[in-house]
Each structure stands twice: as C-alpha cells, then as structure tokens.
Amino acid sequence: MSARLEALMRDTDHGLFMPFLVAGDPDFETSLALAGALVESGADILELGFPFSDPVADGPIIQAADARALAAGTTPERAFELLAALHARHDRPMVLLMYFNLILQYGVERFYARARDVGVDAVLVADLPIEMAGKVVAAANAAGVAPVFIASAVSTDARLARVAEVGRGFVYTVAHLGVTGVRDEVDGGLDAVFARVARTTRLPALAGFGISTPQHVRRVVEAGAAGAIVGSALVRTIEEHPHDRDAALAAMYAAAAPLAEAAHNTTRKPC
Amino acid sequence: MRSEGRFGSFGGYYVSELLLPCLEELEAAWLDARDDPAFTAEVAHELAHFAGRPTPLDPARALSERVGCRVYLKREDLLHGGAHKTNNTIGQALLARRMNKRHLIAETGAGQHGVACAMAGARLGLDVTIFMGRKDMERQRPNVQRMRLFGAEVVPVDQGSASLKAAINEAMRYWTAHLSDTFYVFGTAAGPHPYPSLVRDLQRVIGDEIRAQLLEAEGRLPSAVLACVGGGSNAIGAFTAFLDDPEVRLIGAEPGGEGIASGRHGATLTAGTSGCLHGAISLVLQDEHGQIRESHSISAGLDYPGVGPEHAHLSEIGRATYLPVTDAQALDALRWLARHEGILCALESAHAVALAMELPFDPSDVVVINVSGRGDKDLEHLEAAS
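Here the protein sequences come in this chain order: Z and U.
Following the working numbering, the numbering of the first sequence begins with 1 at its first residue and continues without gaps.
Following the working numbering, the numbering of the second sequence begins with 1 at its first residue and continues without gaps.
You may find that some hints are simply not true.
Anything over 10 angstroms on all C-beta distances counts as not near chain Z; from chain U, calculated [claimed, not checked]:
(1) M1
(2) E4
(3) C22
(4) T40
(5) P59
(6) A62
(7) M99
(8) L124
(9) E138
(10) K165
(11) R173
(12) E288
(13) H340
(14) G342
(15) D362
(16) V366
Partial pick of chain Z residues on the chain U-facing surface, computed with a CB cut under 8 angstroms [stated by the list, open to error]:
(17) V56
(18) F80
(19) D127
(20) R159
Please keep in mind that the hints were generated in silico from the structure rather than gathered at the bench.
Owing to the predicted nature of the structure, the values given are computational and were not obtained by experimental measurement.
Every residue, glycine too, gets a C-beta built ideally from N, C-alpha and C.
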C-alpha cells in the first residue's frame, strides 16, 4: 500500500492536498459523505483520525471533533468500517492519525493487519516517538503500511536521521510548533526545516499544523513540501453546521476546493 | 534520551515528537544537577529554611490504640504549603532556574501542587501559570485564592471531566506550543520519562527521613509504611527508602470512591489495565477500546484515572500492595483523626489513615502512615458531605 503513496508523491510535480477529518465526526454517514466531498473538491490523499478521549497533540477544534465522534459511538472497529467504505467508493490513498493507546488495546499486529485490509497506506501515531516505536514499526512494515514520523524545527539532526532510517511514505513536517489548529501565519523557519528534511532523508515532506488558507498551502509547497495537510480549518465547518448535513457538505466543499486548487497550481521544488 | 525510563513493562516516554528535545534537555539537566553538590545543597537549604524540613515523625497515641500497634504519623501536613508537594516544586523550580527557563507551568487537581508551584515561583522570581479543571476550582476555592496571592495565573480548564486529567491535557498542549522558555513542573511521579524518576528523587526525602527518625525512636525499621496513591508521588516518596528491605511492607491506599463495584472510583492499581496515558505505559482506567474513563473520588488530589508507572511495577512484582478505600471510609478517618489526635489531615491522606484502621496488625508491629497534607482546603467540602 505504501508504494502507491510513494509513487503518487514521486510522480507528481505539483503540490498535493491532504485534508484531515476525524472518522465518525459528527456521525458515521455524515463523516463518509464529508470525506466524499473532500475527494470531489480535489483531495489527493485522505487523512483520518480515530477519535480518542485525550488527544493531547490536538487543539480545541480537533478535540471537539473527537468528542462528537465518540458521542456518536465511533469505536475503532466502526472507524475501520468507515475506512473500508471510503476505500470502496473513492480509492484515494489513506493515512491514519492515531493515539497509541487505541492501537495498544486493539493489539498492535492486529491493528496494522486490519488497517492494510481496509486500504490504509500509512499511519502516524501522534504520541509515539521513534525510540518507543520498535514493535509498531515492525508490525507496520510486516503489513505493508508505512510508519510515518514527525519532523520539526526543534528536531535535532540525530533525530531526523532516525526518521530517515525508520520512517516510510513521507515525513510529517510540522509547520508551526504546538498543537494542531488554525493560525494566521505559518512559521518563518519553514525553509530551513524543509531543507534539513531534504538533506537527511529521501522521503517527501508533507506539511501540517496551523495550515488553514490557500496562501499557507502555496507557501509550504514553495518552501519544499510535497503537499499540505489541512485539518482544523476544515473540521471547524462541521462544528459550524451541527444539524444540517447538506449545509455541512456544501461548507466542506467550499472550504476545501480553494485549498486543493492552491496545492495543484503550485509547482513543487525539484528534489 | 539516556534512559528509556522503564519500570518493568511500564513507563517510557509516549509523547509528541515535538516534546522530545525538551524531555532530552530535562533528563540531561537533571542527571547533571543531581550529582552537583552545589545544587543539592541549594535544594537542601530551601527545604530546611523555606519549607521546614525535616517534618516530624509523630507517635500517635490514640491511633496506636485504635489500630492495635505502635503507629507513627509522618507529618508532611506540616510542610510549608500544607502538603508534600513542596518537596517536588522547590526541586523542579531550582532546576528550571538552572536551565534558564523563566516560566513555570503546572497542572493541579486539589490545588496543592498548584499552590506549591506558585510559592516556589514567587520564592525564586519565576512566572507561574497553573491549569486547573473548573470543577476542581469550585471544590478547592481557597487554594485558587492562595495561588493568585502568590502571583500565579490560574487558567480554568473546561474540557472533559474539567478535573485533573483535563488539566494535564491542557498543560501538555501549552507546553508543546511554548517550549523554549517554559518548564513543565509535573506534580506527580507519573507522565513521560524523566518525570517519574525526577519526582521520585525529589520526594524520597520523605522515606529517607522516616527511616532515620524511626531508627532513632525505635531502633528498627517499620513493619509497614502506608500512603495514599493518586498519581503516587507521596507514596513513592515514602516507599523508596525501603524498597530493598523486604521486611518492610509497602501499602498504598487507592481512592475507592463509591466502591469498586459502583464503577465510580479512581482505583487504578486495583481495577485498571495496562494502557498509555499522559506519556507513559501504566495501569489506567479505560474501556475495552482504550478510551480513558473518568475517575471519581471525593478527594480531588486522588481523582485521576492513571497512576505512576513505578507503582504499577511495584504492584506487578508484589513489592507493594494497593487497596481501595471508599469516600465514606476516608471521611470517617479524617473526622476520627481530628477528634482523637487533633490533626486535620487532607481527605487524600485520610485514605491511608482509614486503611491502617482496617488492616490487621500484630501488637509488635510498628506502622508509619504518611500524612501527605493538611485538610483545611477540604473544610467546605466536609460541610457539604455531612
């Protein structure tokens, strides 16, 4: 599965758009329809998070989405069913954002095998640094699912070298230090981060955290990212349309289309 | 990191990659400071002159009669600030200053850790921000007033249970976004490595003193040491000096809330399962899918669905025993101790007192109970409960 993701990044000369949703937010059917709206609006890769009770790496918008999805009864198994339905309908590469305890309780090997079976290409575990990830990396590789790790402006060269060695698929590069969220500006130190990631690893970099506008998307692709990950700016449209699925779908499409267009119209830096 | 911070199958550091440089820096700074005589002398000086160490080991006559053997109370309630938390915050605040971090942040449940942080910050001229669940702010109002008096900013947390778990989540988020100038003063011997070891090293002064004081008074080691366990910092502090003495029984009192069968409790070591919460593998209260459950305890300081990884390990290898004590038992023990010993202990500490009253001891035994804090903060709550 991860080969498909790597080929997509290798063979595309413009920026890629990877929107993020919490699986099951605000409920199973709406979540499925929202992901469909993202594909129609130009998503190249879909990123989905399994809702967790204590998402410490996420800001208030994603926290609220996790709470909605949990309230709607989204268990890990139900989230896998949603992924399977998505895979059947759209066949876009899919990336999972996880918190470690959900994988641990599901059973590490069983989790990655199930992820592969529903069409998942890569998994990032938000609270699992490389040193703690031995068993997870082995299970991911055995299942053919890419283990993804994070790089940021505060990553030392030694840590980036470990990401290059162990990571597959892409490097999740943090554009803004902190938790996920919507911000006015992406950080100034971006060019240096992408340069360091490019120097240490052959993996493409996708940029996330704090990216919410078409300008941000252009900015990170110009700085060297293969694409941009947008979460909170899209997820908040769900919060803004609580009881009206059609309005939420229209708002999602309207929010995502300009972001996709900005990515697709920006030429990537040659590697 | 130089160590993985494992305690058997528990511990580790399960945090966002963004926090790793910070934890590495903290581990290195602590290993360095711990071996620096100038630093340890500074900590000892502050603990003696500012905080009032050593605290007494108090032979409790009435309680001895009630329990049926000699009982001593380790009076951490007499420490400046009113709880053992000051041992930890003085050490971490001095470490922060040594690392040139000018801003302390912390979570607090009952408010004792928040107060101890605010005091240490005021003492050392550091800015302090405390994250506290809104529910806890209501049930521990005097501590909120004290923190503000010491100049700390208290940030209410509304997410989830609006108690300790949510406050830790918020403090971790703030820390991730403000790494360079901020030092996270973790309040208990839990969280990612190096915190469980760092907090234990700073709290072990409790057990070291118990050992020396009891040898002086009785010429022997205790038969048992009892302490309450929420996250577990006062308990690990009281236990550490005796880990290599198998004849000393180590007994933790867990918040049994309304009873284990009710599901409304915080007895992680009794009823929890292995899981990952707040940066470490430990025993946690969770559902079958790994979602963390809300805990319940009458005492805010024990109201936490996780526990320090070293306690999970000590329980697993059988070196320490952990037993639940209900809200009602703790309330009775608090009232009894006030009436018969003239000591108003914290509701948290009352769990350990209640357990001592419950367990069978031999008349030749010598038992030490760690009175981790004083109960003034609980007065309003006590009235409501009666």
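- Message: So, against the hints stated earlier in the document, which numbers end up violated here?
- Response: Hints 1, 2, 3, 10, 11, 12, 18 are the ones this structure does not satisfy, whereas the remaining hints hold.
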